[in-house]
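*Asks:* Chain by chain, the residues run as shown.
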Amino acid sequence: MHPVLTLVAQRFALGLLLLFAASALIFAGTMILPGDVAQSILGQSATPEALENLRRELGLNEPPLQRYFSWLFNAMQGDLGTALTNGRDIADSLSTRLGNTLFLAFWAAVVSVPLAIFLGLLAVRYKDRWPDKLISAVTLASISIPEFLIGYVLMYFVSVRLGWFPSVAMVNSSMSLFERLNAIALPIAVLTLVVLAHMMRMTRAAILNVMQSAYIETAELKGLSSFKVIYRHALPNAIAPIVNVVMLNMAYLVVGVVVVEVVFVYPGMGQYLVDHVSKRDVPVVQACGLIFAAVYICLNMIADIVSILANPRLRHPK
Amino acid sequence: MQDQLNHLSGRVTAGKMTRREFMGKAAALGVSAVVAGNLYTSAANAAEPVRGGTMKVGRGGGSSTDTLDPAIASSETPITNITTIGERLVEVSPTGNINPRIAESVEASADAKSWTFKIRKGVEFHNGKTVTAEDVLRTMERHANEDSQSGALGLLRGIESMKADGDNFIVNLDSANADLPYLLSDYHLVIQPDGGFDNPGDGVGAGAYQVEADEPGVRHLFKKFANYWDDSRGYADAVETIVLNDATARTAALQSGQVHMIDRVEPKIAKLLDRAPNLHVKNVSGRGHYVFIMHTDTGPFNNNELRLALKYAINREEMVDKILRGYGGIGNDMPINAAYPLFDDSIPQRMHDVAKAAEHYKKSGHDGSPIILRVADGAFPGAVDAAALFQQSAQAAGIPLEIKREPNDGYWSEVWNVQPFCASYWSGRPVQDQMYTTAYLSTSDWNDTRWKRESFDAQIIAARGELDVAKRKEMYSQMGRIIHDEGGLICPMFNDFVDAISDKVGGYEADPNNPMMNNGAQIKCWLKA
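From first to last, the protein sequence lines stand for chains A and B.
Each residue of the first sequence is one higher than the one before, counting from 1 in the numbering used here.
Each residue of the second sequence is one higher than the one before, counting from 1 in the numbering used here.
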């Protein structure tokens, strides 16, 4: 087997192992949440018999290890159980919410990733001159302002004053793609402003690092334009750290945008998770936790695999 | 100028502006008196209902965990939803009368122990079945079941037996209660086919709208039910409840025209919002009150002189100005205000009086050790600031208050009804009996001032069975005075409900029962053409 394939397979197996460990942690974590599930469902007026009935119904009297494996086994088959609070099938409700979250994350990434890398390249090209300083100042300022504040400011000017885009980013299945994109324009703008700086700064730093190399000097001596030197010769060799930071930010766009969801009333996973945590709806919390962990691990695995593949020494071993 | 004129006309239609004000403002815009007069008339007559359109309501208090089961609805969004799809036996009108809905008429026996509700003919459920007395009986049975999780369970405890007899639904009580129809007007008690035993959350009711899309925590879409019996409701073709928990998101959605009405406008922005050209802020005084409560059986609060000292030491006007920003009314150390039926407005208002506070404090013989007041902002919005104001005004009378801040989490289980002196909130009840029964009966679980007097219990029960309105009013007046003078309740303010509606909405009326026209603005209002 090609050594690079071995490496990739190893990384993949490690990812699975990590996910397994995460599932155990999530299960243990929800076990130690204060308050009994049956008690929190039935409320203060619960009679002991009703509590006992519900515990039996939910299987809360089984030993934890057995509950963990039956939960994990069902989850692997796509059966996440039913929500305790409203009796809905979790996989059904979650798939819509997850779809929405991924939709928003995807379009935010489509806008922000190329923009961040382009701005990073531009900053390298005009290093220490005013475009570099302007880009750094603007992106650092936007990452430093709390995202809800950016949200409110955009909402006031773009939505209330100018009326260009809606302030309520509600999407549903009856909307066309264009209507959906129009609805999520403001959240995309906020998320872009939030993730831009991190990726841009990393691109800039990684490329500047490569720019010291001898082959860059050679490329310059060949008479290539300086922008071409940067994106043809420096960027491919700086790709590993850039992909890493891009993946971290994509993971953030999937799992960390609850504030933006609340401000723009976007029906994503974050709000769904928070609602159920406050009602101690443990099966939903576990399902969301598992999905978030899977997204995180998956994106990091992709970043690692890309770094492996981007490394010529690993691709072409002597 | 046209915009401004439209704005003025809108205020006339909404009943916010008199003819004189309108003419004055129109003249300032350079409009001649004749033109302005015509404008005023057309604006004032615009209150003719219009059918059609989609009424969009932005409400707080929604969550992904919501269901359409009326028994467990407890926050704004689910209550709005069950009011949209359901119909109750009776409702309380804005003026405090009983409004017959599924019950066509209500009759009590002479001793107020047996009540007969005649079921209206020809009312249909969304599934095509006709509403019968049997359905009403089954609904009440479901909510009265001890194992049910219904929020109305406590209200139905006094029922001895119920039966369906032809077109009549008959309730027998174990003791007389002249307020039974008010209890059965509770928002949980939406009539469902066969009582909703099979699938309580299926959203099938007898209300003006039926469920089209149900996405908890996001939106709920309803379309007009074609066979709805009441022509005076359900003007829009469709109603959409949009969950907007964030206060800023709610206001922005109204301002940008994405919803037609919102609830819970924050008092601090209400005045600014009302200046916007295409919407109106509506505040209605309700029965909810922000309070400080003392346990009358625990030292030092078992001394009425000390209780009076604290009652005189609080500055009610200042609290209404600073905590409610004027969107509320001052309290009078009793849980009742003018929004209740049978309120006696001759009970003297207690005012802030430093001298009297100091005098009572001296009489109480308190040893001068700090009196600990526990607060959290979860008790009511601004509770911590209100406590600070209270501390200052008490200081002026030489009463040492010490504020102890508690976490919001667990406030209602660890502090309220446990600690002897703390901040709290009461949302009020439709009638005085219910308020006194819930919080001032010796045996009540929620007697949060530990007010335990047999004579007072007897008064509550006697008033409950009294059918003579004048006598009853006198009895409630006496009870109010007793709590006012001796109770453990310091009630500085009653908060208003603050709603805001777009100028496209017609038919809005103030209703002190609950925000948003008793949570029914979406079915009672219409969209102007």
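If you're looking for bench data, these hints aren't it; they were derived computationally from the structure.
Every value quoted in this text rests on a predicted model; they were computed, and no experiment measured them.
Treat each hint with caution, since some may be false.
Examples of chain B residues toward chain A, derived with CB under 7 Å [said to hold, decoys possible]:
hint: 1; residue: SER64
hint: 2; residue: ASN227
hint: 3; residue: GLN255
hint: 4; residue: GLN258
These stretches of chain B come out as covered by chain A in the derived footprint (C-beta under 8 Å, 3 or more residues) [to be verified]:
hint: 5; stretch: 213-225
hint: 6; stretch: 234-248
Reference listing, derived: stretches of chain A covered by chain B, where coverage requires no fewer than 3 residues with Cβ under 8 Å from a Cβ of chain B [said to hold, decoys possible]:
hint: 7; stretch: 156-169
hint: 8; stretch: 269-282
Where is the CB? At the ideal position from N, CA and C, for every residue including glycine.
*Asks:* Are the hints correct? Go through all of them and say.
*Replies:* Against the structure, the hints:
1. At a threshold of 7 Å, the smallest CB-CB gap from B/SER64 to chain A is about 4 Å, leaving the interface hint in force.
2. Because the beta carbon of B/ASN227 sits about 25 Å from the nearest beta carbon in chain A, more than 7 Å, this interface hint is broken.
3. Given the 7 Å rule on beta carbons, the hint for B/GLN255 holds: about 5 Å separates it from the nearest Cβ of chain A.
4. The beta carbon of B/GLN258 is positioned within 7 Å of a beta carbon in chain A (closest approach about 5 Å), and the interface hint is therefore held.
5. A count of 6 residues in the stretch 213-225 of chain B with a Cβ less than 8 Å from any Cβ of chain A is obtained; the coverage claim is therefore met, three being the minimum.
6. Given as covered by chain A, the stretch 234-248 of chain B passes the check, having 6 residues with a CB less than 8 Å from a CB of that chain where 3 are the minimum.
7. Counting residues of the stretch 156-169 of chain A whose CB lies closer than 8 Å to any CB of chain B gives 7, which reaches the minimum of 3, so the coverage claim holds.
8. Check result for the stretch 269-282 of chain A against chain B: holds, 7 residues qualifying (beta carbon to beta carbon below 8 Å, three or more required).
Consistency note: the structure conflicts with earlier hint 2 alone.
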